[in-house]
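Visitor: Just so you know, the sequences run in chain order A, B and C.
Position 235, counted from 1, in the first sequence is what the numbering used here calls 235; the numbers after and before it change by one each time, with no gaps.
In the numbering used here, each residue's number is its place in the second sequence (first place is 1) plus 336.
In the numbering used here, each residue's number is its place in the third sequence (first place is 1) plus 405.
For the record, the hints were derived by calculation from the structure and aren't laboratory data.
Computed list of lysine to any residue pairs in SDA-like fashion (alpha-carbon distance at most 25 Å, straight line):
hint, chain 1, residue 1, chain 2, residue 2
1, B, K344, A, I247
2, B, K388, A, T189
3, A, K114, A, H202
4, C, K658, B, Q349
5, C, K696, C, T529
6, B, K344, A, N184
7, B, K344, A, V249
8, C, K557, B, T352
9, B, K399, C, E603
10, C, K559, B, V348
11, A, K245, B, G359
12, B, K347, A, T189
13, C, K420, B, G402
14, A, K254, B, T352
15, A, K15, A, D4
16, B, K399, C, K600
17, A, K26, A, E118
18, A, K104, A, H28
19, C, K423, B, T394
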Amino acid sequence: MNGDVVTLAMGGGGKETNELIETIFKKHFENPDLTADDAAVLDFPPGKLAFTTDGFIVSPVDFPGGNIGKISVCGTVNDLACMGAVPLYLSCAFVIEEGFPVAKLDEIASAMEKTAAEAGVRIVAGDTKVAGKGQVDGVFITTTGIGRVMDGVHTAGSSAEPGDAVIVTGDIGRHGCAILLARNNFDITAERLTSDCAPLAHTVQDVLAATKNVHVIRDATRGGVGTVLYEIAHQSNVGIVLEQKNIPVNGEVKGVCGMLGLEPLYLACEGRMVIFAPEPEAPAILEVLRRGKYSEKAAVIGKVISDYAGRVIVNTEIGSQTMLPQPGGELLPRIC
Amino acid sequence: MCVGLAAKVVKVQDGTAVVDATGAQRTVSAELLDGLEPGDYVMVHAGMAIAKITSDETQETEKIMGALN
Amino acid sequence: MADCVKDGAAAAAEKILKSYSGRPLRIMEVCGTHTHEIFRLGIRNILPENIRLISGPGCPVCVTPTGFIDEAVMLALDHGCTIATFGDLVRVPGTEMSLAGARSKGAHIEVVYSPLDSVVYAGTHPGEQVVFLSVGFETTTPAACISVRQAKQKGLGNYSLLTANKTMDNAYAALKDSADAFLYPGHVSVITGTKIYERLRDEGVSGVVTGFTAGEILAALAVVVTEIQKGGPFFRNCYPRVVTDEGNVNALKLMKDTMIPVDAEWRGIGTIPQSGLTLNDSYAAFDARKKYALPKITGKPDPACRCGDVLRGECSPDGCACFGTACTPEHPVGACMVSGEGACAAYYKYGPGLALSADKENMNI
Chain A
1 MNGDVVTLAM
11 GGGGKETNEL
21 IETIFKKHFE
31 NPDLTADDAA
41 VLDFPPGKLA
51 FTTDGFIVSP
61 VDFPGGNIGK
71 ISVCGTVNDL
81 ACMGAVPLYL
91 SCAFVIEEGF
101 PVAKLDEIAS
111 AMEKTAAEAG
121 VRIVAGDTKV
131 AGKGQVDGVF
141 ITTTGIGRVM
151 DGVHTAGSSA
161 EPGDAVIVTG
171 DIGRHGCAIL
181 LARNNFDITA
191 ERLTSDCAPL
201 AHTVQDVLAA
211 TKNVHVIRDA
221 TRGGVGTVLY
231 EIAHQSNVGI
241 VLEQKNIPVN
251 GEVKGVCGML
261 GLEPLYLACE
271 GRMVIFAPEP
281 EAPAILEVLR
291 RGKYSEKAAV
301 IGKVISDYAG
311 RVIVNTEIGS
321 QTMLPQPGGE
331 LLPRIC
Chain B
337 MCVGLAAKVV
347 KVQDGTAVVD
357 ATGAQRTVSA
367 ELLDGLEPGD
377 YVMVHAGMAI
387 AKITSDETQE
397 TEKIMGALN
Chain C
406 MADCVKDGAA
416 AAAEKILKSY
426 SGRPLRIMEV
436 CGTHTHEIFR
446 LGIRNILPEN
456 IRLISGPGCP
466 VCVTPTGFID
476 EAVMLALDHG
486 CTIATFGDLV
496 RVPGTEMSLA
506 GARSKGAHIE
516 VVYSPLDSVV
526 YAGTHPGEQV
536 VFLSVGFETT
546 TPAACISVRQ
556 AKQKGLGNYS
566 LLTANKTMDN
576 AYAALKDSAD
586 AFLYPGHVSV
596 ITGTKIYERL
606 RDEGVSGVVT
616 GFTAGEILAA
626 LAVVVTEIQK
636 GGPFFRNCYP
646 RVVTDEGNVN
656 ALKLMKDTMI
666 PVDAEWRGIG
676 TIPQSGLTLN
686 DSYAAFDARK
696 KYALPKITGK
706 PDPACRCGDV
716 LRGECSPDGC
726 ACFGTACTPE
736 HPVGACMVSG
746 EGACAAYYKY
756 GPGLALSADK
766 ENMNI
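Bound conformation, chain A alone (with noise of 0.2 Å):
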């Protein structure tokens, strides 16, 4: 390819948007259903289907443990995860800035490659458009995902019931973390800090595998484990009590949060799932996710019960209660 930049042509329709194709897409997606048609035609095994879809504009598009890429595609197979669906198929539009590094697009889509046939799952369609400097930063991805139900699992935001216990399937907050540092506006550093982004439509199965008696399971992203919870809370008209102090949150996460005053359950998440099951399901549940890649720190953290319905509250380190408080508002760090 010439140049090492995109530009506007590559996005033409022409000789110049089929080399890119070739040459960054194809070489990386290539598959037997990927498509060179208007649209992939494809098998469906019998049975419900679930379909999403999502937009990724992360900024800054590497941080560590990921990039762009890898997210676009765990965000989706994650939420067909969350509806007990195994992710088949992905559709992947790209809107790229004029100018933006052809090497950096190469790696985007190679994470892609990689984070998909860890999921399992095909990328048979895409599109690209690339806009002028300064109409879009860097690049956007939306990918869309299909995937069949597993049967006998039906899974809600408004099925969880008094007596479940809340289990989370990693240590949290990292995502959110990851990206704060590489956005470096604190001048803070954390080396040993990864993003938890990973795609964990194997643990969800395995977890289903083991027993199908699960009511909720979400995804923590944008807004963390907390939003998760209140959204629950209210979606099933219940009350959640957590065990502060068996919140897995590593060391890394808490120092940053207590340098800018932040609540680890409010940062953002990319790789870990909140599960809602009955409180007998609970240990099997634990014992298949910390035999797994991406859950070794699953813990139960807490418990629905029918008070204070739409109410999160928290046992405190000293065994007293309070509220956790309700999500909403920026992010600023405290004066003091």
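Fit chains B and C to the given chain A structure using the hints.
Guide: For chains B and C alone, coordinates are given in the frame of chain A:
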């Protein structure tokens, strides 16, 4: 008014110190404290190390409660 | 340095508090961080009915008068200055608008974590006139002093402070009758030392220097409750691992060399003599009021706002008619609702938790 964070000093140079709070590191001003060494624990506020921490919080609380009787 | 887990000493403190059966006590937590932590740790739910914790004026953003925001807005919009500020100040209402409002009119606002960051910014942006909004008590003031000293050393002509720094010493006199005892601010005390509290004890005012972990707060409260029952004013340092008698000598000297005491207006309390700090003559060139010849501005807070009563401990946040309706963190009427350390903000976030019954059966997981 007082939001402060306990952190461990990992490096001292030219009136600044690199401090580490369970893996998160930041350079802060060390001007207000004399004789800081790596390994010391300090209280940090608004980008400054304001005091050396001289004991563990549990020991301190036990001493205070002990003095009550 | 681990967070407090319920160990022997903290449990002993809790016992003392729960078994208190004397006359109703009012204990004032002066410091905004204490207000916040006490809520976050659910301390009020541990205390019996006859021990009441009230919030005081130790939130530097909350006690900053409305006129200060008006001065900052004027500097931003009329003089084109870049305003460097702690995040908390951005949404505090001024007479006409907040800094966030000014930003939507084109003002350049830079949120910083420390005044030291703002002088670095001034150094790397020589084309901008940078003004740091210098609010804070003795814990924060040394950093502002170092920033102007650095600006002077580097010959930066584009850096200045708009000062509203305050000292707590003379404020205690104004609060004397608001409470039976005080939880003195832990990190202000790191700087000032403890002689002031011994003087206050000799004048009949009781209190303890308090730390910030659950164990430290419970222990301090237990000490207050025990000492009160002995009768007679008292002072104890319950944060000795950080607070020394003489304080931080370097910080005290730094403030003395850079700033001078002035009378200062505290929102809701009025003018407290010699309770403010402003730059001394050798730093006149770094005083934004002198540099930009600002007129004297008397701000007009919203007449419905009861921040003043809240700051004196005379009104609980939920006793204000605006609380939760006209005044919320998204659209605050006064500073107490917008500052991260403000009593109203803390009440809004955590207040519903006060109604939690200690229904331990249901709560244990």
